[in-house]
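Numbering (UniProt numbering), first residue to last: 1 to 472.
Check before you lean on any hint, since a few could be wrong.
Claimed, not checked - With a Cα cut of at most 27 angstroms, we get these calculated BS3-like pairs of lysine-lysine:
#1 378 / 353
#2 86 / 41
#3 4 / 21
#4 420 / 405
#5 179 / 405
#6 257 / 284
#7 377 / 311
#8 187 / 405
#9 179 / 191
#10 257 / 242
Stated by the list, open to error - The following label-pair restraints were derived from C-beta to C-beta distances:
#11 253 / 87: 51 to 59 angstroms
#12 215 / 154: 28 to 36 angstroms
#13 285 / 86: 49 to 57 angstroms
Source of the hints: derived by calculation from the structure; they are not laboratory data. No experiment lies behind these values; they were computed from the predicted model shown. Ideal Cβ placement from N, Cα and C applies to all residues, glycine included.
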Amino acid sequence: MYAKCGSLDDALRTFYLSGEKNSITWSAMVTGYAQSGDSDKALRLFYDMHHSGVMPSEFTLVGVINACSDLCAIVEGKQMHGYSVKLGHEWQLYVLSALVDMYAKCGSIEDARKGFEYIEQPDVVLWTSIITGYAQNGDFEGALNLYCNMQMDRVVPNELTMASVLKSCSSLAALDQGKQMHAHIIKYGFKLEVPIGSALSAMYAKCGCLDDGYRIFWRMPNRDVISFNAMISGLSQNGRGKEALELFEMMCLEGTKPDKVTFVNLLSACSHMGLVDRGWAYFKMMSDKFGIDPTVEHYACMVDILSRAGKLREAKEFIETATIDHGLCLWRILLGACKNYRNYDIGVYAGEKLMDLGSPESSAYVLLSSIYTALGKKDDVERVRRMMSDRGVTKEPGCSWIELKNLVHVFVVGDEMHPKIHEIRSQLRLLTKLMKDEGYQPLSDSLPATFGNYLKDQDDSDGIQLMVCSGL
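Start from the sequences, fold in the hints, and give me the full structure.
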């Protein structure tokens, strides 16, 4: 009773006062801690239970597996899977459902799918677990396909299901599918409470329909920090930074305390608007007013703010005085800005820092090689290229996609697979001619050296095609 009511201290005191502890009392304590969010304590109690010689029931195993899910403890989760097999509980529905959820949350989506497909008639909880797992692991198309299968099985979704599906639509910028999910929300009678309201407003905002997103946002009966973050992010990403900053002020007036994500969105808005002083104010406000320690993301935003404003030396000094382990990302941002502003001295400094740190990304080598080319330092160009080859760093091919009539068309550099590739190239040649007629001339010194060399060996048509397909 104490455990289910959340009075875990009283539950634990009663538990230790009890003379003989059986699997039921152990299970009550383990499950109680797992459900209250204290998963570490749940695992420690199960360890003590195991060493006391008490055999767990399937309900105890479910509680421990759920604790592993909350902690994303894949090693302990696999141990519990093996223990479940040993005890003969692996195929119990509750245990199997918990295992599917654990593997999905820990990123082992293939193992989660194997367990999911074993169950003949999965319920809404199991469907939600696997859909959420796909969405959290970046397979948004897979999440949408699973939702379609769920609909065909006539399983009615719950609020968490819809939130995960809307997240997938947001990440894919799939507005048409997002509108269909909105229709399903109305059909099933869900209200605009958290998390559905937040996910729906975020979907519209990320798909560029800010007015619709705003409309959903203001219709929500209760707005939490996630709701505000979704809307602030949408406004910032769609060029309405001033409104994003105003919404933050309103958020504070309503008494909603911002979190780390809020300040990432605010700093991003300041970066796009060129508000250096405002960015510094928010960066300091995090710790001074709200007690939030800046993370790498916040430092990256500040470097981006300074770099976009051309304050490259100030950005360099900021990176070197950073009190956190930022790895490579801050130097990478500064290197790109130095190329844009043609500040080759700081660019060389940032690029060599990345070389010393062993950057695995090709963009750093390409940019540094480009800078050395502009400076006429052929030996350094060859050295960077040789370093790139010795370290096995290769450039990933450019990729772009567009959705037309509910069909997504994906293009990769040198692609021959699209059924209308010849027609597309014909249009690219026509576009090239129109660009030349308008007086367009590519800026060879703004292209990375490797691409510049490539273009020298190609005709103009192929050069334009390469730049369009690779996003240059």
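Quick rundown of the hints versus the structure:
| no. | hint | result |
| --- | --- | --- |
| 1 | 378 / 353 | holds (19 angstroms) |
| 2 | 86 / 41 | holds (24 angstroms) |
| 3 | 4 / 21 | holds (18 angstroms) |
| 4 | 420 / 405 | holds (16 angstroms) |
| 5 | 179 / 405 | holds (14 angstroms) |
| 6 | 257 / 284 | holds (16 angstroms) |
| 7 | 377 / 311 | holds (26 angstroms) |
| 8 | 187 / 405 | holds (24 angstroms) |
| 9 | 179 / 191 | holds (16 angstroms) |
| 10 | 257 / 242 | holds (20 angstroms) |
| 11 | 253 / 87: 51 to 59 angstroms | holds (55 angstroms) |
| 12 | 215 / 154: 28 to 36 angstroms | holds (31 angstroms) |
| 13 | 285 / 86: 49 to 57 angstroms | holds (54 angstroms) |
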